[in-house]
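Participant: Listed below are the residues making up each chain.
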Amino acid sequence: MAIDNGKRYFIILVFLGILFGLYTIRLFNLQVLNNSYKDKAVKNAIREITIHPARGFIYDRNDSLLVYNDAAYDLMIIPKDIRAFDTAELCRVLDMNVVEVRTRLKKAADYSKSVASLFKQQISKEDYGYLQEKMSEFPGFFVQNRTLRSYPQPIAAHILGYVSEVDERDVENDNYYAMGDYIGKSGIEKAYEPILRGVKGKEKKLVDVHNRVVGDFAEGTENIQAVPGTSIWSTLDMQLQRLGEELMSGKRGSIVAIEPKTGEILCLVSSPNYDPNLLVGTARPKNYSKLAQDPQKPLFNRALQAAYPPGSTFKLANGLIALQEHIITPSSIYGCSGGGYRIGSHVVHCHNCGGLNIYSAIQRSCNTFFCRAYYNILSNRVKYKNIDEAYNAWLGYMESMGFLKVFDTDLPYELKGRIPTSEYFDKKYNNSWNGNTVVSMGIGQGEAAVTPLQMANMLAVIANEGYYIRPHVVRAIGHRDSLNTQFNNKIYSTIEPQHFRTVLQGMKQVVTSGTGRSAQITGIEVAGKTGTAQNPHGRDHSVFALIAPADNPKIVVFCLVENGGFGATVACPIASLIAEYYINRKIERTDLEKRMKELSIK
Amino acid sequence: MPTLENSKITKGFDVKLIGYYFALVFIGWMTIYSTCCIQGVSLPIFDFNQLYGKQMIWIITSFVMAAIILLIDGRIIQHYAYFFYLFCLFLMVLVLFIGAEINGAKSWIKIGSFSIQPTEFMKFATALTLAKFMQEGKTATQRRYMWIWQFLLIIIPVIVVMLQHDAGSALVFASFIILFYREGLSNEFIVFGIIAATLAIVTLFSNEIYSIALVSIAFIAIMIFNQQQRKKYGRNILLYFLCIVFIFSVNLFYEKGFEPHQKQRIDTILGKTSDPLGADFNLNQSKIAIGSGGFFGKGYLNGTQTKLKFVPEQSTDFIFCAIGEEWGFLGTLVVFGLYGALILRILKLSEKNRNPFVRYYGYGIAGIFIVHFFINIGMTTGILPIIGIPLPLISYGGSSLWAFTMMLFCFIKFNDN
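As you go down the protein sequences, you meet chains A and B in turn.
Per this note's numbering, the first sequence starts with residue 1, numbered consecutively.
Per this note's numbering, the second sequence starts with residue 1001, numbered consecutively.
Hints were generated in silico from the structure; no laboratory data involved.
We put the beta carbon where it would ideally sit given N, CA and C, even for glycine.
Computed list of lysine-lysine pairs in BS3-like fashion (alpha-carbon distance at most 27 Å, straight line):
no., chain 1, residue 1, chain 2, residue 2
1, A, K7, B, K1016
2, A, K200, A, K43
3, A, K113, B, K1309
4, B, K1309, A, K40
5, B, K1348, A, K7
6, A, K261, A, K490
7, A, K204, B, K1309
8, B, K1016, B, K1413
9, B, K1110, B, K1054
10, B, K1309, A, K205
11, B, K1309, A, K38
12, A, K7, B, K1132
13, B, K1309, A, K80
14, A, K261, A, K405
15, B, K1132, B, K1352
16, A, K202, B, K1309
17, A, K7, B, K1352
18, B, K1309, A, K43
19, A, K290, A, K597
If you want the ones that stay clear, here's a sample from chain B, every Cβ over 10 Å from chain A, calculated:
no., residue
20, V1015
21, F1026
22, I1060
23, K1110
24, G1112
25, I1116
26, Q1142
27, Q1150
28, L1152
29, F1192
30, I1212
31, A1221
32, L1239
33, N1353
Turn these sequences into a full structure, and let the hints steer you where they fit.
Facilitator: What follows is the structure, encoded as structure tokens:
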């Protein structure tokens, strides 16, 4: 018995030993060999919260604020934390019906029970205040702060652009973005997206089993601070832009003003336009479709996307090319009589100007002079074998002055305009065409169509006597003095400097004693050129090109008013008021300003 | 062999056992304190609104109780054993009528802000009574019918505990099998027990067909190898049919006898179902907490899983998670080592002591410690279904700490007498 029981003591010890051994192996496996539990623990308890940085502001060239951020409040829910609440009260506050509240609750619960979903976007500040006080009565709901773009002045919508939620393609293209993030969709917002957006931050929060945040993980040492977006200084002059938009109100058309020395766009108006505040937040989809359906096409940026026949302002370019090609010299004289330039039975009408040189031809906008010059450029068989070669040489000059291409800077959706190729005419006229066939392009009519931006850039080439800097709308990034050097290389035209002085002299005479006398500004010598672009669809477009001051140009302005009639009547005073305000920071011709602002052309 | 007088002077109270006791209680309090702290924030040690503050009261009162036990005459305790048994049984029955329900088990008596769980004391009372009863059986006739009384002493509290829906505690009373085995329980009981357990698990895990096939193969094998002993044919055939009846009754018992949540827990361990966010949630979180501790642990007060309440009952039944997470495999080894040493020490002293009462009592309480330890660690690590019983001396809870203190210090006192 005693021996037997001693054996049993031993058996019990062995049994215990085996159990302890098995348990130790189990624990060793669980704690040391198996690493998956460590990951699971991290996923369990640590929630990564993305911190969205504030987007950079946009200032004008004089530090006036164009775009800033405004606080917005989204009502969020975590479905599994919801307890019974006063549905009627919530419906009243949010102005929803019960069915809608239920639908949204269900949708959120279907998406995820424990992850926060958006319940209502951008509740008003008043509702936010009210809800914040009563939050304890609505368990599971919370308010998330967000920022929305806001515009103190209702101007420059086309240039500033807008931001909206990313779509699937944005997320695919750039792994920086996650659904629900915001991205610049057009204008400066798009072109400078990586600068304006900043860098997202990450916070690791400890959450408990109910997914409630209880504190920072590792005392916040692993958090990544969000870097706020960098602010940008636009080249725009806010007050000039506003003046331009006011002057163009009630009219369709465009104003582009450039500082020729820098290529900086001072104002860029496309009329009709819209208040950029319309395309912010929850109101955007509704307002956007309204704007898109407007027959006046306010979303369409005429300054960059509309190709117009430039009218007589094109004569400046053709005059330069004729001088460069030695077709004419400053003292060459062409006669104008018999009602204009005759091509068989067709007549390009003029005013029987008599014999005149290029100065007078610009001053009086003589069609005959420029038709002849253009014909002679294209008929130069000493230099060029045939019409195609001569025409292509002309196109080469045009391109060197910034036509036929986009500047590809920071401007949204530029178009190239339309100037046909020689192949086009070969085909159209079955290889039988000459200078006279296309002579109307010599005076800015016919097949040539260019954008207001290209015309303004050509004026900058004249003002700079031979070069331009690609037009752009951002002058500094991060700090107002840190000039944006991306676009500051000079691009030279293939025309020699002395020819610009000749043309500029003609343009001075336009203002002092020619077709553009209403462009005169007291104390400033202005150079200009009127234009009346023939419009097959209605009244002619009124066009004016301006450089001021003529001897030390600070601004070039191109203005086009659709259906405005003669260049001298509408576009000329508008361009001149822009230049006056920009140089003098005030307008003395207040009657003219008032008249132009009130003028309505349908 | 030292005489009784000699042993008193030379041995005194067993210092090793007292040392293990203090170590485990200290680890328990440290861990309870840790589970109350959110990461990075230390709480004042004397805050009696917190669990660790309350546990401090339980620990101090336990020390007082231990001192009293060591100071009074051990025979007084033996003398009142039956009375104590009946008193505990009375309290347990009382619980059925006035008890408060916590976690589905109706096993608590509320007195003011404190609750007492008579079942914990009943384990101690049963061990004590059983030892006293076995010691008193002297004559052969007495011995013959003694097992009936022993069985009744155990089965009565088990029935009451089952009525309280406290399956975990009921299982603890099975621990006396170790005592009975030591004192000569037939090997056949053990063999039958193992066969029944194997068949039950196979049946639940797959289905009856496999179990029947298993039994049939065994039966045919026995019949072939025991061809000479034709006398035993009848007994073997009877046994065979009993096994088959047992197999069919297992599923019936399983379906009718268990609550749905208990079946779920058993299914989880058997791997029959997987539902990480539902029934398996606690077990999963428990394994994650222990597993994420690694070899060295996350450091004291640095556990995330237990602090952020992913683990349920982290200061009571699942307290081992907090130890595993913060102290890692090293902590596991320390706790295992202390328990192993405690249990072995009790068994060793029981064997050495010439007074059979001490041996009976020692094996009784060693069994209780063994079952508590292996079920508790087994459930937190996914070896066993989740059965809610505390880790002795470590888990939060006054009744449990008091009962185990009384159990252990009575043994120390008896062993010294």
